[in-house]
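**Student:** Sequence order for the protein chains is L and V. Residue numbering for the first sequence follows this note's numbering, starting at 18 and increasing by one per position. Residue numbering for the second sequence follows this note's numbering, starting at 4 and increasing by one per position.
For the record, the hints were derived by calculation from the structure and aren't laboratory data. Be aware that a few hints might be false.
These stretches of chain L come out as covered by chain V in the derived footprint (C-beta under 8 Å, 3 or more residues) [what the hints assert, rightly or not]:
no.	region
1	32-43
2	106-118
3	272-285
4	344-353
5	408-421
Predicted model only: the values in this text are computed from it and were never measured. Glycine included, every Cβ here is placed at the ideal spot set by N, Cα and C.
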Amino acid sequence: MGMAKMQQLKPVLHEFGRKVYSTVIRHGADNTGLTKSKIMFGNLFLHIQPVKVHKRTLNFKTTLCAGLITFYLFLILVGTGVLLMFHYVPSTHVGPDGLPEAYQRMLNLRSNVFWGVFTRNMHRWAAHAMVAMMILHVFRVFVTGSYRRPREFNWVIGMICGILTVVLSYTGYLLPWDQLAYWGVKVGTEIAKIAPGGEIIRGILLGDNEVGGEALIRFYVLHVALLPTLLTVFIAIHFFRIRKDGGLAKPDDTSGDKLIPQSECGEVRNTSVFKSARSYQLVEIVKGTEPKVNEEVNQMVFSWPKLMVRELIVFVLVLAVLSVISLAYNAPLEGPADPAHPTNPSKAPWYFLGLQELVSYHALFGGVILPGLLAGLLLVAPYIEIFVETLFGLKRGNISGVYFGKERLLENSLFMTIFIAGILFIIIGSLFRGANWEFVYPWIPTPGGH
Amino acid sequence: MLKDYRILLAACVIAVGAMLLSIAKLVTPGYKAHQKAYAKLTGSTDFEIGVKQINVETKAGLLVDRCTTCHLGAANADAAAFDQPLRTHSEICPGLAEQPHDLNKIGCSICHEGNGRAIDETDAHGHFKHWLSPLLVGREAQASCAKCHYMGAGTLLGAETYLRGKELFVEKVCYACHTIRGLSDGKSAPELTDAGDKFTLAYLKESIVVPTANLATSTMPKFNWTQEADTIAALAIFLKGQRLNKLRDEASAPIGMLAAEQTFASVIEPSVAAGEALFKGAFSGHLQLRGGCINCHAVKNSEGLVQGGENGPELTYVGRARSAAYMASHIRNPKEDALDTIMPPFRHLSDTEIDSLVLYLQSLDYTLPRTPEPTAQALFSNYCMSCHGQNLDGNGSIAALLDPLPRDFTAYQFVASYKDRFVNSIREGVAGGAMAPWQNILTEEEIESLVTYIVSTTEDRQSRFVRMDVSLPKPGDPERHRFRDETRTLEAGDITSGQDAFQKFCASCHGMLANGKGPNAYALKHPLPRDLINKKFLNQSSVTDERLYRSILLGVAGTPMPSHDHLADQTILDIIAYLRSISRDTN
Chain L
18 MGMAKMQQLK PVLHEFGRKV YSTVIRHGAD NTGLTKSKIM FGNLFLHIQP
68 VKVHKRTLNF KTTLCAGLIT FYLFLILVGT GVLLMFHYVP STHVGPDGLP
118 EAYQRMLNLR SNVFWGVFTR NMHRWAAHAM VAMMILHVFR VFVTGSYRRP
168 REFNWVIGMI CGILTVVLSY TGYLLPWDQL AYWGVKVGTE IAKIAPGGEI
218 IRGILLGDNE VGGEALIRFY VLHVALLPTL LTVFIAIHFF RIRKDGGLAK
268 PDDTSGDKLI PQSECGEVRN TSVFKSARSY QLVEIVKGTE PKVNEEVNQM
318 VFSWPKLMVR ELIVFVLVLA VLSVISLAYN APLEGPADPA HPTNPSKAPW
368 YFLGLQELVS YHALFGGVIL PGLLAGLLLV APYIEIFVET LFGLKRGNIS
418 GVYFGKERLL ENSLFMTIFI AGILFIIIGS LFRGANWEFV YPWIPTPGGH
Chain V
4 MLKDYRILLA ACVIAVGAML LSIAKLVTPG YKAHQKAYAK LTGSTDFEIG
54 VKQINVETKA GLLVDRCTTC HLGAANADAA AFDQPLRTHS EICPGLAEQP
104 HDLNKIGCSI CHEGNGRAID ETDAHGHFKH WLSPLLVGRE AQASCAKCHY
154 MGAGTLLGAE TYLRGKELFV EKVCYACHTI RGLSDGKSAP ELTDAGDKFT
204 LAYLKESIVV PTANLATSTM PKFNWTQEAD TIAALAIFLK GQRLNKLRDE
254 ASAPIGMLAA EQTFASVIEP SVAAGEALFK GAFSGHLQLR GGCINCHAVK
304 NSEGLVQGGE NGPELTYVGR ARSAAYMASH IRNPKEDALD TIMPPFRHLS
354 DTEIDSLVLY LQSLDYTLPR TPEPTAQALF SNYCMSCHGQ NLDGNGSIAA
404 LLDPLPRDFT AYQFVASYKD RFVNSIREGV AGGAMAPWQN ILTEEEIESL
454 VTYIVSTTED RQSRFVRMDV SLPKPGDPER HRFRDETRTL EAGDITSGQD
504 AFQKFCASCH GMLANGKGPN AYALKHPLPR DLINKKFLNQ SSVTDERLYR
554 SILLGVAGTP MPSHDHLADQ TILDIIAYLR SISRDTN
């Protein structure tokens with residue numbers, strides 16, 4: 018009896034299911050240009066991407082995925098960060114075991130909070146990775162000249178994102194309230210003292226003359242509320258402008274590029290009555306820098322599914338690599354912060370070690386003037402280029418999108434010199450400096466106490 | 004396109020796998036096995052597997068203790084035969100019919116430290132880097148008694164090692180340099196009132212045995228009792244027990260202690276016996292004497308048996324060499340005689356105690372047996388070697404502690420130039436340094452024999468060196484006119500120009516303050532530049548202006564002091580005047 022009833026009910030359930038499905042996904046999946054377009058702009062998240070992209074966009078080499086990975090790491094950081102927030106307390110109140118509350122919470126994460134170790138590891142390593150990938154992204158954009166017209170302002174937005182990233186990472190560095198955190202932040206804020214007006218900024222940041230309980234709560238609020246919100250806004254602007262500026266920068270002639278064959282990018286069925294017409298290409302006839310119509314039309318492909326799948330691959334890979342690292346390496350946790358016992362050497366987080374190395378030569382010049390000058394120059398790099406081109410009446414046209422382009426030899430040489438010098442200073446500062454900031458070889462172990 | 008999906012799948016598998024692995028570690032806790040074993044051993048049928056927790060109320064908040072998750076039988080008297088971690092805790096206060104500590108109430112980590120919140124063994128026992136309080140095992144837990152019990156003086160059952168450490172702190176003379184509030188007030192080394200909160204037990208042990216292991220600049224001596232494991236352990240446990248953050252204060256301590264402050268024995272009537280007891284840091288009755296000289300200084304008894312440490316000069320002969328007043332003032336404030344000495348001042352000693360120590364030192368009567376007549380070499384080995392070294396090179400075992408450094412007799416130029424002074428230096432000593440007058444200990448023949456021996460070691464080379472003979476110019480002497488101006492004679496030295504000349508020509512080694520610590524002094528080894536504000540040295544009768552003049556003009560033979568024959572006589576006279584002005588004895 019049951020079987021017959023079931024047979025009767027089956028089409029009804031099927032019909033019901035189809036109706037529910039169509040309330041969520043309104044288009045079919047028949048792989049025509051129209052549905053591919055609908056998939057993209059019918060979905061809030063996918064609509065960040067254009068319906069069609071240039072095939073170059075799909076190549077790893079074009080972007081090194083640096084910007085995308087930076088963004089994914091930000092997502093992971095928000096996720097793990099929210100999990101950590103459920104447990105963390107930004108307090109220096111000393112408990113019965115003589116440990117400050119914030120540090121106790123770190124111990125709890127390690128000792129008895131479910132998934133605490135893994136979450137903290139993920140958050141820690143993703144934070145470091147995000148700064149590193151951000152730097153790589155800056156490198157890629159500069160050496161390909163991608164900040165040139167019309168993307169000058171987006172470079173500035175990107176730089177602001179970069180600065181926010183570093184400040185986010187730095188504010189988070191203090192929160193474990195262990196020796197590493199305390200002295201790392203102490204060193205950083207001491208460097209700030211050297212700058213003109215640095216005392217005031219330092220005072221506002223710390224809420225005290227020294228790094229203490231007030232600094233912890235301020236860093237915490239900056240880290241979990243203000244800065245992530247700001248960064249989200251600036252990332253949104255950054256992404257929006259990428260689209261408004263016509264996607265990724267590319268040279269005028271891409272006919273010689275080795276691109277993915279059309280067959281790799283998924284099938285596009287043509288259900289139109291006008292068999293010869295290509296549904297999307299009509300829409301592509303628009304002026305200006307919008308998704309454009311030119312001889313490259315044939316190099317444009319639908320974002321769905323190729324771009325989407327590749328972006329998903331990158332995300333899952335980032336997650337996988339980060340998970341494996343988090344399984345293998347625990348985030349450091351030293352003794353509780355002790356203002357009376359400086360670690361020797363006291364080192365700032367790695368991205369500030371180049372700065373600390375410079376400070377060890379000359380406080381004002383190495384710690385403020387030189388890095389300030391470089392950061393300032395980098396921030397307005399596209400405008401310097403415009404100024405020089407205007408000054409000398411240079412008309413260089415579109416020379417973006419190529420690594421180390423011949424026309425940009427001067428810019429790239431200058432940038433690479435500073436970039437490599439910066440990396441070298443960071444390496445020296447992090448690996449070749451021991452107690453009393455004396456030169457050591459990292460492969461020769463130094464006798465140490467406890 | 005298919006390839007992309009495959010890569011996506013593989014990446015998904017890795018990511019999900021890694022995350023599952025991270026969760027898998029959490030759902031199979033290590034304590035399960037212990038709990039099952041315990042349930043089986045006790046025959047309990049309704050044992051509930053899970054985290055056990057003791058909440059300890061303290062005035063600073065709730066202390067969470069999960070140790071009993073594994074150490075299930077700690078408070079169960081029937082578990083005495085079980086294997087660890089399930090065994091019963093041994094008696095904390097041995098011999099008491101009723102144990103005063105209720106383990107179900109106070110938990111484990113209060114005494115044994117570690118990380119009470121953890122449920123993983125490595126984590127709970129605190130065996131990870133940078134952890135300040137790794138597990139205190141067995142008697143080490145006595146370091147925690149003082150967290151609740153106010154340990155002023157008196158005894159506490161079960162804290163024997165801790166209390167022995169406290170005795171050792173005085174016996175091994177630690178008190179003289181280190182402050183522990185309520186016990187000592189030494190100012191020559193870091194305060195240890197909060198040592199237990201700052202350092203691990205291992206760190207404390209290591210720092211006692213090798214003081215420079217954790218602080219390269221430490222001047223703490225290496226004691227010769229550091230091989231005794233029990234001594235080190237007791238001392239370290241006592242120091243680990245020194246904390247400012249206590250769980251209970253004096254008023255609420257569980258057992259009221261006897262006295263507020265540690266009291267020490269005192270000497271009422273000066274005597275040799277009291278002096279010896281003080282010297283050895285022994286007990287007088289049930290109270291301890293605050294002495295302990297023997298940790299650094301050695302003495303020989305009448306039979307010649309050596310006893311004591313090697314961190315200071317041997318004191319067998321000092322009672323005969325130095326005056327009672329000198330000894331008393333040196334014990335009270337050694338920096339008066341030797342500015343850089345590592346010996347701390349013993350100001351807490353009363354007059355009677357100092358007198359007793361002096362009496363004891365004066366009672367020491369050992370001399371090298373005179374029958375049969377000892378060889379010069381034997382005399383040197385017995386009396387001189389600990390400072391001047393086996394090879395007469397001035398690098399004896401305690402040479403580094405002395406200022407100025409003992410004379411190096413292998414420098415034949417020095418011996419050739421100054422051998423006439425040797426007899427006098429031994430007989431009368433050299434003021435302002437560690438060289439004592441030996442006339443009350445050595446016979447004239449012995450002194451002669453020693454000098455002959457010292458001179459003979461470099462005899463073959465001495466003829467190579469000839470020192471010029473120059474005399475101190477007198478102001479107004481018509482023969483010694485001024486440089487390049489034959490019409491003017493020399494004038495008496497001028498202090499101000501002397502100071503200028505000193506800063507110009509001498510300060511690089513002797514320092515701007517003339518204390519022998521100029522920048523170049525650090526490159527010199529032996530001997531070091533003379534400390535020229537050492538009043539005792541400069542005001543002794545043998546240090547004449549003539550000697551200073553010759554030392555400046557010709558240099559000091561066999562030492563790094565070079566000749567200064569480029570200086571005009573007037574300049575040297577000025578420098579001498581300056582030196583006399585800064586070392587003038589105001590008394």
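**Student:** Hint by hint, which ones does this structure get wrong, listed from lowest number up?
**Tutor:** Of the numbered hints given earlier, those the structure breaks are 1, 5, listed in rising order.
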